[in-house]
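Novice: In order, the protein sequences belong to chains L and D. Per my numbering, residue 1499 is the first one in the first sequence, and the count goes up by one each step. Per my numbering, residue -18 is the first one in the second sequence, and the count goes up by one each step.
Certain hints may be false.
[Unchecked claim] 27 Å max Cα-Cα, derived DSS-like pairs, lysine-lysine:
no. : chain 1 : residue 1 : chain 2 : residue 2
1   : L       : K1567     : D       : K1
2   : D       : K113      : D       : K1
3   : L       : K1567     : D       : K127
4   : D       : K113      : D       : K127
5   : L       : K1567     : D       : K113
6   : L       : K1567     : D       : K53
7   : D       : K1        : D       : K73
8   : D       : K(-11)    : D       : K1
Derived from the structure by calculation, the hints contain no laboratory data.
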Amino acid sequence: MAGKILADQIEHSTAGSVNTNFVVEGVAKCWITHQHGDSVDDSFNHSTLTDSGTGLFICNFTTSMASSKYIVGGGVGVYSSNGRGGDFSGMNMGGGGTDSRASDHCDVVIQVSSSGSSNSILSDRDWSMHIFHGDLA
Amino acid sequence: MIQTPSFKGTHLWDRLCWAKENLEGYQSDYRVVYEDSIDECAKILVPDPNWMAAAMQGGILPPVWVYWELAKDEAQPDFKKHTRGYLLHETKPVEAMTEEEAIEYLIMKDCPESVWKTYNVGNRPKMVICTKQQLPQTREWRNSWKIAA
Chain L
1499 MAGKILADQI EHSTAGSVNT NFVVEGVAKC WITHQHGDSV DDSFNHSTLT
1549 DSGTGLFICN FTTSMASSKY IVGGGVGVYS SNGRGGDFSG MNMGGGGTDS
1599 RASDHCDVVI QVSSSGSSNS ILSDRDWSMH IFHGDLA
Chain D
-18 MIQTPSFKGT HLWDRLCWAK ENLEGYQSDY RVVYEDSIDE CAKILVPDPN
32 WMAAAMQGGI LPPVWVYWEL AKDEAQPDFK KHTRGYLLHE TKPVEAMTEE
82 EAIEYLIMKD CPESVWKTYN VGNRPKMVIC TKQQLPQTRE WRNSWKIAA
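Looking at chain L on its own, in the form it has when it is part of the complex (with noise of 0.2 Å):
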């Protein structure tokens, strides 16, 4: 491939180095932003986005993670100012307890006004974006 550069250290003329390993797996191995399922805006190592119902998403990769063991990110974002504060884009955790990270998808959740209680209620939002770190297959 063109332009390749093979190192396996950066190293900054006064602040150290650091090994390039890190920086591979410090990546966001899958991202992607939407509204509320309509379409997908813009996204990477995504295949397709599931809309399960409100609120409720699954995002399938295309290189599937290592394992179940990853990290999930993201964030919303609304018109108004209504309900700017206290929404939540995170992993379905439904039921309480079930992990819904695969290797290959994971099931995320919109959650408004969420503060650990029970009031919060899933809804669709303007913008929903999810982000994925952890190590690949």
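Once you have looked at the hints, place chain D on chain L.
Specialist: Chain D in isolation, oriented as in the chain L frame:
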């Protein structure tokens, strides 16, 4: 049309990096609606535009059976971590697909096998392929959407 490099043995991640950099995303109008539980509403599979571009370009994505093999490994009770990830990276990539072939591939990759293998067996269909315009245009009563009999 840009030529796909020869990706023999290239890590799938690197192939996707090339696709992201060189291909324009393709927004398909197709949607796959399926039901995998009678207690839940219908699910809707939305194709990813970057994945569609890679599928229609050809020479980037692995054959779908690779995912089935990895799923078999993960279904084992003692599964900890994939040891056959090389299947994704070293299996010869598939040729260019039409939009319809790409949707069929996605169904077999991302829909439950219990749905697509027997989608029309039973009293009513468990899966339909439609266009985005055929879906309800608002998400009102989203949690009660079902496939029409």
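Novice: Please list, smallest to largest, the hint numbers that this structure does not respect.
Specialist: Result: hints 3, 5 break, sorted rising.
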